[in-house]
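Protein chains in written order, with this note's numbering: chain A, 1 to 240; chain B, 1001 to 1420.
Do not rely on the hints blindly, as some may be mistaken.
Said to hold, decoys possible - Capping the alpha-carbon separation at 16 Å, the derived lysine to aspartate or glutamate pairs in EDC-like fashion look like this: (1) A:98 / B:1003; (2) A:117 / B:1234; (3) B:1407 / A:74.
These are calculated hints, taken from the structure and not from any lab test.
As a plain string of letters, each chain reads:
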Amino acid sequence: MLLELKDVNKTYDNGQPLHVLKGIDLSIDKGEFVSIMGASGSGKSTLLNILGILDDYDTGEYWLDGKLIKGLSERQAADYRNRMIGFIFQSFNLISFKTAVENVELPLFYQGVSRSKRHAMAMEYLDRLGLADWASHYPNEMSGGQKQRVAIARALITHPQIILADEPTGALDSKTSVEVMELLGRLNREEGVTIIVVTHESGVANCTDKIVHIKDGIIGEIEMNDLHNASAFGTTTIMK
Amino acid sequence: MRDLFVEIWESIRRNKLRTCLTGFAVAWGIFMLIILLGAGNGLKNNVRSSISDAQLNYMTVYPGFTSKPYEGLKQGRYIELDAKDLELTKGKQFASTIDEVAPVVHTSGVSLVHDRRHVSTDLMGVTSLYNQIRPQKLVAGRFINANDEAQKRKSIVLSLSHVERLFDGKVDAKGAIGRKVILDGLAYTIVGVYKTDMSMMTGDSYIAYSTLESIYAKGKPDLLSFTFHGLESEQANEQFEDRYRAVINRHHRAAPDDRRALWISNSFTRSLQMDKGMNIITVALWIVGLFTLLSGIVGVSNIMLITVKERTHEFGIRKAIGASPWSVVKLIIAESVSITAFFGYIGMLMGMLGCEYLKVKLGGPMEVMGESFTAFKDPTVGLDVAIEATLVLIIAGTLAGLVPAIKAGRVRPIEALRAD
């Protein structure tokens, strides 16, 4: 297993203890295209934070690529995030005063890759995502779909074990949403990238091969969705 | 390194106005520091140069009043130096320390006459050594020399203002050399003219000690100066002074440890004390300058705090994609040091230009009430101060950036997920 959660618990204590994750068990294998679906307050964001090593958990075990992710120092956590996880965010989270290519370069900068090498790599990834002409544009000069594709290039550039996408279509219109989900599906099929999409939209979840339902901090049904017909809203559109 | 500067430049470029305003406070602080230290150096150099006109270490001995009863004599008795004191001073017991002795006799209120014009002056009978101990600024001719002394020549050295008055301004300093003036019915040849400064008002007239002694039958020196060597520490000087005082006091039947019966002014310890005083001034100026700088530093710190707050989301993103806390801390501290150093150097440059301006305007003698007067000499700072100020800037920039940087380092990567 590439990724394995064993009885993971997380309690937030803001004056009043709030048990958010109540024993999560989850395994995801290499090359899977999975969505984690749940309503707001279901604990999916907390789960995402833990999967992305952005937050620590209280009890249980989280294994990622054979490494136990627990009680890491900030520096170690940053290093693991950098090398093992690629993030795609709802609001793109590109740095506004850096050009597209500089944004894509950034994870390599934190790996200490030389200037010319990381620039060449970033250009290559932008080219693959059809954005070579936009390399020197700033994020505010690009459309939502272009921005998300820059963000995907940034997530891919370090060859991470998993791509974590947090509501990747949340800020996009339905047409662009379809394009982005198709792009993620293609990356998964053609390059074997492991992708975990966290969403509350069934249409988005339907694009993935496996749907993990989370409710009230517990994993519910795990739906196999190889035929992409789980959604009641049809198979070709993403219902907004 | 280059990437770091690119990042800093990107950040500063977005906030030009506020960076410049804060930078101004830093520049002002350093400017004031440099100006203050420059002025302080000017004062110091001036004092040093007036002391070091006399290259020799010397002591001057003045008689005073006894402050305690001794051998049945009451206190408050006036001591007069006499020929025996001169003999004692030149004697064997001090020979290892004292080099040359210069007695001075002093007659006040004599009249100099030339062609029915006269001026009143104080007459000093001195030896050639006197000019080495207390150099007069000769503008023409020479000072009293050994030949004047040995032959009891009637040579006289006058101040420039006296020459001007005696010759009604018709003769300049050079022209006065070789001319005769009448002093108490005797003709003296002018051999030298010196310029007075503010501290000496109109000035005394000098003739040879031996001449004055024989003409006025004054066998007693009014004060004694002597050069010395071999007293390297303050303690050694004090010990010698005590030993010397005891000998002279005993001769006048005053208590050997009576410091008021015999005043000893020591150029060596005086310059030591002067140095101490000057160092205190320098320290005080540094403190004032640093406090001025402090307000600039607080400004930078403030601006960095705002920057960190504005960039919280960005730092969250950076951390999410792999920035270590240290890399973020480094970014903020480097930005703070860059702002401080850049504007600090502008301030330093301005300060140095300001010092040069001071040097031109106030660096030389100034005319105050017709007398020349020097307050500052070379009021500039050297490379040492520039290096010290650079260190101060780097330390100050680091301190200013420290709190904001730690704050930035603590930004949690979860911030990146907050949609705003």
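For each hint, the structure was consulted:
Taking the CA atoms of residue 98 of chain A and residue 1003 of chain B, the gap is about 13 Å. The hint holds against a cut of 16 Å. Note on residue 117 of chain A and residue 1234 of chain B: the hinted pairing is violated, with a Cα-Cα distance of about 69 Å set against a maximum of 16 Å. Distance restraint check for residue 1407 of chain B and residue 74 of chain A: the Cα-Cα separation of roughly 14 Å lies within the 16 Å cut-off, and the hinted pair is therefore satisfied.
Violation of the numbered hints given earlier is confined to hint 2; every other hint is satisfied by the structure.
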